[in-house]
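> Whole structure, please, built from the sequences with the hints as guidance.
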Amino acid sequence: MMLKIINLVNIHEVTINIDGYTPIDIHLGDNINENPVYWRVGDDKKSLLEFAILPSDGRIVAITLVIMNPDFVQYADDDLIESHESKYGFPIVDMSPWKFTESNNFSHRFIDEFNCVIKVAIYQESIILIIRDKCMLSSWVKCSHSLWLGLDDEGNIINVLIKGLSKEDINNFFNSIS
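Numbering (the working numbering), first residue to last: 2 to 179.
Calculated directly from the structure, the hints in this document are not laboratory data.
All values derive from a computational prediction rather than experimental measurement.
One thing to keep in mind: the hints can contain errors.
[What the hints assert, rightly or not] Straight-line C-alpha distance at most 25 Å; calculated DSS-like pairs for lysine-lysine:
hint, residue 1, residue 2
1, 120, 100
2, 143, 5
3, 143, 88
4, 120, 143
5, 120, 164
6, 135, 47
7, 168, 143
8, 120, 5
9, 88, 164
10, 100, 5
11, 164, 135
12, 46, 120
13, 168, 100
14, 164, 143
15, 135, 5
16, 47, 88
17, 143, 47
18, 168, 120
19, 5, 164
20, 143, 46
What follows is the structure, given as structure tokens:
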């Protein structure tokens with residue numbers, strides 16, 4: 002399963018924290034009045050990336066890189082970020098993979114894909130989280146000036162790009178994964 006964007010809504014506030022403890026913690030909007038569901042990817046041992054999604058409308062409200070294997074982090078040249086078609090807005094994802102029941106069973110809140118290796122490319126002022134390195138990047142969704150989501154040609158999220166980072170942010174990222 003991949004996380005597929007089906008619609009975009011008006012842009013809300015985006016907050017990005019890279020503090021030396023949690024590698025990356027991104028909040029999209031505020032006033033969350035319901036328990037989110039989660040799409041979690043990685044290998045469940047050395048890498049875990051978590052997307053929190055509101056079940057009522059499919060809006061992504063948080064993206065958290067919980068743990069990252071330092072062996073899959075590499076520096077990249079700034080000219081490797083290619084320009085692709087961009088759309089603007091907050092992503093609404095397809096909620097059909099989640100099975101909702103009357104009992105609201107806690108285990109139904111998670112879809113885990115612990116069969117993929119997350120990779121990270123570090124640029125001078127940017128970090129790209131590569132969820133699916135075998136998929137071809139087709140377009141970007143610009144959620145804010147600093148948060149972009151890379152999509153394949155079917156609208157699935159395959160990259161998370163965080164731009165405009167300081168040297169301190171980059172250093173904090175490395176401190177949090179070491």
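> Now tell me, hint by hint, if it's right for this structure.
Right, here's what the structure says about each hint:
no.: 1; hint: 120 to 100; result: violated, 29 Å
no.: 2; hint: 143 to 5; result: holds, 15 Å
no.: 3; hint: 143 to 88; result: holds, 6 Å
no.: 4; hint: 120 to 143; result: holds, 21 Å
no.: 5; hint: 120 to 164; result: holds, 17 Å
no.: 6; hint: 135 to 47; result: holds, 20 Å
no.: 7; hint: 168 to 143; result: holds, 23 Å
no.: 8; hint: 120 to 5; result: holds, 20 Å
no.: 9; hint: 88 to 164; result: holds, 16 Å
no.: 10; hint: 100 to 5; result: holds, 16 Å
no.: 11; hint: 164 to 135; result: holds, 23 Å
no.: 12; hint: 46 to 120; result: holds, 14 Å
no.: 13; hint: 168 to 100; result: violated, 42 Å
no.: 14; hint: 164 to 143; result: holds, 11 Å
no.: 15; hint: 135 to 5; result: holds, 16 Å
no.: 16; hint: 47 to 88; result: violated, 32 Å
no.: 17; hint: 143 to 47; result: violated, 28 Å
no.: 18; hint: 168 to 120; result: holds, 20 Å
no.: 19; hint: 5 to 164; result: holds, 22 Å
no.: 20; hint: 143 to 46; result: violated, 30 Å
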